[in-house]
Amino acid sequence: MKNKAILEVCNSSKSFGGVIANHNISLTVPEGEIVGLIGPNGSGKTTLFNTIVGTHPLDNGEVYFEGQEISSLRVPEIARLGMLRTFQQTRIYGGMTGVQNMRISSPLIHDSNFSTMFSGLPPEVDERSDELLEFVGLYEKRNLMSGDLSFGQQKLLEFAMALMNEPKLLLLDEPTAGINPTLINGLIDRLKLANEKFGITLFVIEHNMRVVMNLADSIYCLAHGEMLAHGLPDEIQNDQKVIDAYLGAS
Amino acid sequence: MSTTSTGNTGSTNPLLYIVILAFGIAAPFVMPAYIQQVSFLWIFILFALTWDLQGGQMGYNSFGNIVFFGTGMYVSASTQVALYFDLGAWNESGGENTFIHATDEYFIGLAAGLVLSGIVAAALAAFLGSGILGLRGQYFAICTLGLSVAAGEIAAGIDLIGAGSGMSTPVWPDAADSVIERGTFFYILCFMLAVATFIACKYLYSGRFGMVLNAIRDDEDKAEAMGIHTTRYKALSWTISAFFLGISGAIMGNIIGFIDPVDVAFTGATFGVWMVLMAILGGKGTLWGPVLGAAIFHIMQELFWTYFLGWQRVALGLLIILIVVFLPQGILGSLREHFPEWFGHRLEPVAVEDEK
Ligand SMILES: Nc1ncnc2c1ncn2[C@@H]1O[C@H](COP(=O)(O)OP(=O)(O)O)[C@@H](O)[C@H]1O
Ligand SMILES: [Mg+2]
Chain X
1 MKNKAILEVC NSSKSFGGVI ANHNISLTVP EGEIVGLIGP NGSGKTTLFN TIVGTHPLDN
61 GEVYFEGQEI SSLRVPEIAR LGMLRTFQQT RIYGGMTGVQ NMRISSPLIH DSNFSTMFSG
121 LPPEVDERSD ELLEFVGLYE KRNLMSGDLS FGQQKLLEFA MALMNEPKLL LLDEPTAGIN
181 PTLINGLIDR LKLANEKFGI TLFVIEHNMR VVMNLADSIY CLAHGEMLAH GLPDEIQNDQ
241 KVIDAYLGAS
Chain C
1001 MSTTSTGNTG STNPLLYIVI LAFGIAAPFV MPAYIQQVSF LWIFILFALT WDLQGGQMGY
1061 NSFGNIVFFG TGMYVSASTQ VALYFDLGAW NESGGENTFI HATDEYFIGL AAGLVLSGIV
1121 AAALAAFLGS GILGLRGQYF AICTLGLSVA AGEIAAGIDL IGAGSGMSTP VWPDAADSVI
1181 ERGTFFYILC FMLAVATFIA CKYLYSGRFG MVLNAIRDDE DKAEAMGIHT TRYKALSWTI
1241 SAFFLGISGA IMGNIIGFID PVDVAFTGAT FGVWMVLMAI LGGKGTLWGP VLGAAIFHIM
1301 QELFWTYFLG WQRVALGLLI ILIVVFLPQG ILGSLREHFP EWFGHRLEPV AVEDEK
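The listed protein sequences derive, respectively, from chains X and C.
Following the numbering used here, the numbering of the first sequence begins with 1 at its first residue and continues without gaps.
Following the numbering used here, the numbering of the second sequence begins with 1001 at its first residue and continues without gaps.
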């Protein structure tokens, strides 16, 4: 009943000087599922994302996306294959409006040759952009400079931009951090919808235990750069090692 | 329902175009005594527009764009001469005294020079760009500054193009005066080139090209993470600027009539800096800012030369300080900051939509 793996990481390691941020990490993200990644601050979650999408070269190990070895590909090349990430610090184009942020995220931009680079974008792009801005609740603010939006709104815009790009797999780095708690349930629903309706596989770093238990089909837990546990949400919630890691770290 | 509705400077009143075009066409008749100043105005507008293509729209401050101007100047002059004479002998003799271009030779040579100057400058930018556009921020800026300093020195060392003693351009054939005067002829070239540059920029900023440049400016890492071919767009942006700058150099060389490697061609300390200032003064990252900035700067500069003779550089220095302190976003940038709704940045209530 297990779906085939869309992402596979085998024995990946990454150090910064003396700091071992990731050590021998292996994991599998099955196609169509929502997989959670938890762990105390500094346990190496963001580093793992960075090595998967090509920001940092791996010290050791391999990464496979849809069966293809991608460890030596560069960030934009991996993105064009259909694996996208959002940033923990939230990154949008602050000097552009929400609509422009969305348009520039269209996958049509991936096709850039001499004839397309100088052209416009077809009206379908605007329709899709409006739908998605509506989906995350930013339609009204679509013509404001996105740098003037609140942090939470920027986070939602970044999510909408990622959806606009139509990835097969989306890596989200703490999507609920900094979001008004009253809006978190709405965001969880949208993440689930993106998974079910748009068919995007999600791999989500999440600090908030309640959120990840609600969201994920299965969960990996990192601590001190090592993979500590893997299982269903219930199993992880009751895993003594996980409980210790969280209590010990705070 | 246009397919390219992303204008980042709001819409422009068509009256503005009519006024500017009317001024451009009427200037040689109305103010013939100032024809060279107005010619320079068009070139300055081109300087600011092409600088802004990187500095404002893409966030890459280049202090080296003057390299393409000077390159175009030498390429054109050399082409004009070498098509009919021996280039080395021309420069050794000081040029115009011994070799005279016939009327048709003059204009065919000039046409070839204009075309080649654009192409060679563009090729140089593509080559340099693939090397140094990988540098970010200040490193890129410093590297381009180095290029602009080196270019003058290199030109001053090449005997074939007159080395440090410079090079004359072919003399305007007197026979052509019966058709058009020299000043008017070059004025028309300047005007047409500036208009072409403006149209090119306007077109680029209306489609995905401009959006990608803005994305690179706002967050290049994000643009890469979204799968954009950033390197391609960066190199092409520089190449396009270099193309127009190269042709402008070709025209300028012929207007001035004599090319000194440091004082006329690779003028990093004057034109090279002014192109930055003009774009910043008007508002970098906007279509009209560089145009406005160039016009104001040029008028100020002419006034300083007229009324503060001897102190003009001090006055210009003061102007620079005032711009940076009081208008860091430039004129249009400050307007956009204080009146965002004039530029279309406002809340839009949700339209009634019935699809579900
Ligand atoms: N670019 C970097 N350079 C140096 N050290 C880094 C870098 N990125 C992360 N680290 C270190 O790696 C460890 C893991 O960090 P990170 O992956 O950000 O953890 P998490 O996302 O789980 O909070 C930390 O000790 C951090 O200081
Ligand atoms: Mg992190």
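These are computed hints drawn from the structure, not numbers from a lab.
Hints are supplied without guarantee of correctness; some may be wrong.
What the hints assert, rightly or not - Where chain X lies over chain C, by a calculated footprint (3+ residues, C-beta under 8 Å):
#	stretch
1	1135-1148
2	1151-1163
3	1212-1219
4	1260-1273
Claimed, not checked - Chain C is nowhere near these chain X residues, computed Cβ spacing over 12 Å in every case:
#	residue
5	Ala5
6	Cys10
7	Val19
8	Thr28
9	Val53
10	Thr55
11	Gly67
12	Asp111
13	Glu140
14	Arg142
15	Asp148
16	Gly178
17	Leu228
18	Glu235
Note that CB positions come from ideal geometry on N, CA and C, so glycine has one too.
Evaluation of the provided hints:
Look at the stretch 1135-1148 of chain C against chain X: 0 of its residues bring a Cβ nearer than 8 Å to a Cβ of that chain, fewer than three, so the hint is violated. Check result for the stretch 1151-1163 of chain C against chain X: violated, 0 residues qualifying (beta carbon to beta carbon below 8 Å, three or more required). Taking a C-beta to C-beta cut-off of 8 Å, the stretch 1212-1219 of chain C contributes 6 residues in contact with chain X, enough for the three needed, and the coverage statement holds. Evaluation of the coverage hint for the stretch 1260-1273 of chain C: breached, as 0 residues show C-beta separations to chain X shorter than 8 Å, against a requirement of three.
No beta-carbon of chain C comes within 12 Å of the beta-carbon of Ala5 (chain X); the shortest separation is about 22 Å. In this structure Cys10 (chain X) is separated from chain C by more than 12 Å, as the shortest Cβ-Cβ distance comes to about 23 Å. Chain C leaves Val19 (chain X) outside its interface by the beta-carbon criterion, the shortest separation being 22 Å against a cut-off of 12 Å. Non-interface status of Thr28 (chain X) relative to chain C is upheld: no Cβ of that chain comes within 12 Å, the nearest being about 23 Å off.
Val53 (chain X), annotated as away from the interface, has a beta carbon of chain C within 12 Å; the closest lies near 7 Å. With 12 Å as the threshold on Cβ separation, the claim that Thr55 (chain X) sits away from chain C is violated: the shortest Cβ distance comes to roughly 8 Å. For Gly67 (chain X), the requirement that its beta carbon stay farther than 12 Å from each beta carbon of chain C is met, with the minimum near 20 Å. For Asp111 (chain X), the shortest C-beta to C-beta distance to chain C comes to about 9 Å, within the 12 Å cut-off, and the non-interface label is violated.
A beta-carbon of chain C comes within 12 Å of the beta-carbon of Glu140 (chain X); the shortest separation is about 6 Å. With a minimum CB-CB distance of about 6 Å to chain C, Arg142 (chain X) fails to clear the 12 Å threshold, and the non-interface call is violated. Taking the minimum C-beta to C-beta distance to chain C, about 8 Å, the non-interface status of Asp148 (chain X) is violated against the 12 Å cut. A cut-off of 12 Å between C-beta atoms confirms that Gly178 (chain X) is not in contact with chain C; the least separation is 17 Å.
Under the 12 Å C-beta cut-off, the non-interface status given to Leu228 (chain X) relative to chain C holds; the minimum distance is some 28 Å. For Glu235 (chain X), the condition that its CB be more than 12 Å from all CB atoms of chain C holds, with the nearest at approximately 33 Å.
Checked against the numbered hints above, the structure violates hints 1, 2, 4, 9, 10, 12, 13, 14 and 15; every other hint is satisfied.
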